[in-house]
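**Q** Let the hints inform the model, and build the full structure from the sequences given.
If you're matching positions, the sequence shown starts at 1 in full-length UniProt numbering and goes up one per residue.
Please note: incorrect hints may appear among the correct ones.
[Stated by the list, open to error] Straight-line distance between alpha carbons at most 25 Å, and here's what the computed PhoX-like set of lysine-lysine pairs gives: (1) K181 - K238; (2) K238 - K226; (3) K150 - K181; (4) K35 - K226; (5) K134 - K238; (6) K35 - K238; (7) K226 - K150; (8) K56 - K35; (9) K129 - K35; (10) K56 - K150.
Don't read these hints as lab results, they were simulated from the structure. Since we're looking at a predicted model, the values are computed, not measured.
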Amino acid sequence: MAFDFVAGCLGGCAGVLVGHPFDTVKVHLQMQDVKNPIYRGTFHCISSLVRTDGVKSLYRGMSSPLMGISVVNAIVFGVYGNVQRQMVDSNSLYSHFIAGCVSGFAQSIVCSPMELAKTRMQLQHMDPKAPQYKSPIECIRHIIQTDGFKGGFRGLGMTALRDVPGFAAYFVSYEWLMSLKEKPSVPHALTAGGLAGIASWLISYPTDVIKTLLQADGMSSAPVYKGAWDCAVRNYNKDGLHFFFRGLNSTIIRAFPANAACFYVVACILGLTKRANLDMELQTTDQLAISRVPISAEMPLSYLHRYDKERHEVREKRYTMVKILQSLGAFNEAVCHSEIEDLAHEFYPENDNDFKYYVFEDERIKIRELCGDND
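**A** Quick look at the structure:
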């Protein structure tokens, strides 16, 4: 529904605000020469950038991902949800894996030019000969004018190669972590999101390093690399395996709080919907099994994160049976045992227990044994 997209978009913006300084550090660490490094590590890089150009240096190029985050999140959540619902078993980890792969590929098309502009704006101060851009739009416009429309999508292949397994790992690990508790709390959900973000980066980081170098290549001169394979081989021969993990520490440090911030904002937005007593549409594996569930103030946030399909179906069966029983006769009239038994076995064929009769009195139904209620 609409508020799901709003919550996701605002949560993504919060993640960018928290995580962008670490992304800037990651890019600087990835670009430096391993044998003659400028920075000794993550925190040395942060202190050096702040000392040289102030805190604003940590937020260079942030407007590009911040402007596009609403589009990216709409694509990710929209594609992911639709693909997942088309799967035979939408709650299986396999379904989350496939949906994550498809959503990752779809959003990489939008992310590639955004990250191209972000990377070049983050690094432009390091090369006096490089064009100095004032905004991501100006950067992309200049690239297209210089290198053509294809130049605006430089690094698209590596972005897709990063995001397809990256989003698959993210959604699978998140769903698995959430399934560890029957009713996960908000802190558990935030922790699951943070750890899922780390898992995603561990899977896709080597690809991200190559992607960054390709997008930064040719800022002030002719491109050095012929392609992704040439970039990987030349840098591996020069720096070894360490090349593929430049800046990993800053990325891991950034991944947890960025994802935690994202989930926290999503939780706040969904909390507002509870106060307004809005309805949430829940889609099960059956295309016709769509229910509207009132979100009360007492409902834990974990209910919004984890929908228990079996428990919800039991509630629906009980509610339907009660309505049928109410139509069988007037109040204060006992309903015969055989009719109740037939109804009970129709709705609960797996239950072999004896079913007692039901008595209607004072416009209330006393439901015994079958529904497990006392009044």
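**Q** A separate judgement is required for each hint: does it hold in the structure or not?
**A** We went through each hint and held it up to the structure:
Taken as a hint, the K181 and K238 pair is broken in the structure, with Cα atoms around 47 Å apart against an allowance of 25 Å. Between K238 and K226, the direct Cα distance comes to roughly 17 Å. Compliance with the 25 Å bound is thereby established for this hinted pair. Distance restraint check for K150 and K181: the Cα-Cα separation of roughly 47 Å exceeds the 25 Å cut-off, and the hinted pair is therefore not satisfied. The hinted pair formed by K35 and K226 meets the criterion: a straight-line CA distance of about 23 Å does not exceed 25 Å.
About 34 Å separates the Cα atoms of K134 and K238, which puts this hinted pair outside 25 Å; it is violated. The suggested pairing of K35 with K238 holds, with an alpha-carbon distance near 9 Å, which does not exceed 25 Å. For a cut-off of 25 Å, the pair hint linking K226 to K150 stands: about 15 Å separates their Cα positions. This hinted pair does not check out: K56 and K35 have alpha carbons roughly 28 Å apart, beyond 25 Å.
A hinted pair counts as satisfied when its Cα atoms are at most 25 Å apart, and K129 with K35 qualifies at roughly 24 Å. Of the supplied pair hints, the one linking K56 and K150 is violated, its CA atoms being roughly 31 Å apart against a limit of 25 Å.
In this structure, the earlier hints numbered 1, 3, 5, 8, 10 are contradicted, and the remaining ones agree with it.
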